[in-house]
Amino acid sequence: FICAGIPAAISYIELKEYYASTGVHCFVVVFTDMLWAFTIPPWILLFLAILIGQLAFLACKQALPDVDRRRLFWAKKTCKALPIFGTWILTPYFLAMFSLDMQKFWLMIVYLVACLFLGPIIFVCHTYCYENTATSLWKKTSVNFYRPCLEEPEGPLSPERPETPDSPIPPPKDE
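Take the position in the sequence shown, starting the count at 1, then add 145; the result is the number in our numbering.
Hints were generated in silico from the structure; no laboratory data involved.
Don't be surprised by glycine CBs; every beta carbon is placed ideally from N, CA and C.
Don't take each hint at face value.
Pairs of lysine-lysine residues, derived as DSS-like cross-links and limited to a Cα-Cα distance of at most 30 Å, are as follows [to be verified]:
1. K161 x K249
2. K284 x K221
3. K222 x K284
4. K222 x K285
5. K225 x K284
6. K285 x K221
7. K225 x K285
Beta-carbon label-pair distances, calculated as ranges [claimed, not checked]:
8. E162 x L203: 44 to 52 Å
9. F250 x T280: 38 to 46 Å
10. R216 x V269: 48 to 56 Å
11. K161 x Q199: 36 to 44 Å
My request is simple: use the sequences and hints to build the entire structure.
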């Protein structure tokens with residue numbers, strides 16, 4: 146709330162004369178500097194969310210043998226869904242702002258289509274990222290998109306190292 150309130154308050158203080166000057170439904174006048182108070186902060190937040198998600202995706206590589214592989218798998222899936230989800234959340238926001246201020250009918254139709262896709266995208270991102278829902282949907286539909294992580298047999302992460310002559314560990318005895 147604070148992140149959104151700061152640019153809104155600054156733009157209101159600086160551009161009071163433009164607020165509600167359009168006489169239409171939207172209070173943002175896109176042909177003035179007010180536009181940047183309502184577009185740059187969401188773009189920055191989207192960029193940071195995608196950057197953090199991608200850095201987290203890189204961190205989801207198994208570095209230690211005692212890592213919970215199931216959690217790592219679902220963390221990767223969540224990091225994959227973040228850019229798509231964030232982009233589709235901001236698309237209707239920007240389309241509504243521009244279509245209401247410019248009063249362009251074709252832009253309102255694009256906004257309507259974006260909103261129609263937003264509901265299924267929220268559902269897919271939700272079911273894709275959560276283990277219980279993705280597993281149950283995969284069992285019911287067998288869609289590979291929802292495939293849960295594969296059970297791997299217990300064993301070493303890397304192949305056995307070849308024996309070195311200076312090794313303090315004796316080789317296994319063949320019986």
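Hint check:
{"no.": "1", "hint": "K161 x K249", "result": "25 Å, holds"}
{"no.": "2", "hint": "K284 x K221", "result": "21 Å, holds"}
{"no.": "3", "hint": "K222 x K284", "result": "18 Å, holds"}
{"no.": "4", "hint": "K222 x K285", "result": "20 Å, holds"}
{"no.": "5", "hint": "K225 x K284", "result": "22 Å, holds"}
{"no.": "6", "hint": "K285 x K221", "result": "23 Å, holds"}
{"no.": "7", "hint": "K225 x K285", "result": "23 Å, holds"}
{"no.": "8", "hint": "E162 x L203: 44 to 52 Å", "result": "47 Å, holds"}
{"no.": "9", "hint": "F250 x T280: 38 to 46 Å", "result": "44 Å, holds"}
{"no.": "10", "hint": "R216 x V269: 48 to 56 Å", "result": "21 Å, violated"}
{"no.": "11", "hint": "K161 x Q199: 36 to 44 Å", "result": "40 Å, holds"}
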